[in-house]
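Everything in the sequence shown is counted per the working numbering, starting at 1 for the first residue and increasing by one.
To be clear, the hints were calculated from the coordinates, so they are not data collected in a lab.
Here are the simulated SDA-like pairs of lysine to any residue, each with C-alpha atoms no more than 20 Å apart in a straight line:
| hint | residue 1 | residue 2 |
| --- | --- | --- |
| 1 | Lys125 | Val149 |
| 2 | Lys282 | Ala102 |
| 3 | Lys192 | Trp260 |
| 4 | Lys277 | Trp152 |
| 5 | Lys90 | Leu110 |
| 6 | Lys169 | Met222 |
| 7 | Lys14 | Ile36 |
| 8 | Lys192 | Phe101 |
| 9 | Lys277 | Ser126 |
| 10 | Lys156 | Ala102 |
| 11 | Lys138 | Thr69 |
| 12 | Lys14 | Thr33 |
| 13 | Lys169 | Arg220 |
| 14 | Lys125 | Ile216 |
| 15 | Lys52 | Glu15 |
| 16 | Lys277 | Pro107 |
| 17 | Lys115 | Tyr279 |
| 18 | Lys163 | Glu247 |
| 19 | Lys46 | Gln66 |
| 20 | Lys4 | Ile18 |
Restraint ranges, calculated between C-beta atoms of paired labels, are given here:
| hint | residue 1 | residue 2 | range |
| --- | --- | --- | --- |
| 21 | Gln29 | Leu82 | 33 to 41 Å |
| 22 | Lys171 | Gln29 | 53 to 61 Å |
| 23 | Arg35 | Ser70 | 18 to 26 Å |
| 24 | Glu281 | Arg208 | 40 to 48 Å |
| 25 | Pro30 | Ala108 | 38 to 46 Å |
| 26 | Glu162 | Asp196 | 14 to 22 Å |
| 27 | Ile209 | Asp121 | 41 to 49 Å |
| 28 | Asp121 | Lys192 | 30 to 38 Å |
Every residue, glycine too, gets a C-beta built ideally from N, C-alpha and C.
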Amino acid sequence: MDEKDWLILQTIYKERNITKAAEQLYISQPSLTYRIQQLEEQLGVKILSRRKRGVDFTIEGEYLVQYATSMLYQMNEMKDHLANLHGKIKGTLRLGVSQTFARYKLPAILAEFIKQYPEVDINLKSGFSYEVIQMINKEEANIGIVRDVYDWKGSKILLGEEKIYLVSKSKIDIDQLPYMTRINYNTDLSLKNVIDGWWKESFDHPPRITMEVDLIDTCREMVLNGLGYAFLPEICLNGYDSLHTYELSLNEETLVRNTWLIFNERSMDLSVVRAFKEYMEKGSA
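Make the full structure from the sequences, and use the hints.
The following block contains the structure:
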């Protein structure tokens with residue numbers, strides 16, 4: 001087995017479909033099938049179990065995927081350490097970033113960072129904060145930016161905080177919220193819990209949620225068109241001065257969302273990771 005085989009196993013495991021995996025790897029489906037058959041013959045085990053609409057991995061196949069993931073990580077780590085030996089800031093920066101931060105803040109940050117360190121390659125994955133933490137724990141990323149730290153046990157740096165607003169197109173009477181149309185969007189459980197906590201302290205009736213959308217941008221556009229109110233973080237409201245915003249507080253504390261930089265200390269062995277950490281610290285100072 002070599003690096004190409006490790007990537008093949010990882011991709012099939014992710015897609016659970018030979019045809020889709022072949023498309024991702026830019027090879028033909030017959031070639032991919034043949035390579036898996038070769039591996040099965042060489043190793044003397046069954047790797048895949050076919051089903052009508054895809055494939056499942058056998059116990060042996062599951063083990064090989066774990067092995068492939070570990071070997072790919074070690075390969076990347078070796079390349080990063082070799083890059084460090086030259087005394088330059090170069091190599092691959094593997095980032096895991098909250099999808100909201102990635103949408104509104106990250107592009108400008110990375111553009112400026114790359115200007116300063118042009119020999120750095122960026123490998124980026126975005127998702128919910130809990131997914132980013134999983135990326136760090138699985139060593140798929142060596143540094144992360146999350147909106148909430150949940151039960152993160154590693155090192156973390158507070159990058160900033162922003163207010164959570166009640167947002168509407170026109171002025172509203174907050175006491176009438178239970179009888180008004182509310183728009184929700186798919187977000188981290190931690191933010192949902194904060195908003196639910198505020199609601200339970202403020203009202204005896206459940207909200208009248210009539211729309212649930214997947215993206216924060218879609219939610220904001222619904223509000224802009226007068227279709228209801230929503231709870232939105234400050235990060236997505238820049239430039240939308242026509243919207244009416246209301247600060248929220250619970251137990252005399254303003255409701256906010258924090259943004260954190262998280263990492264394992266051993267990642268700091270890599271100069272590219274140290275450089276990004278220091279760059280982000282300066283920006284949050």
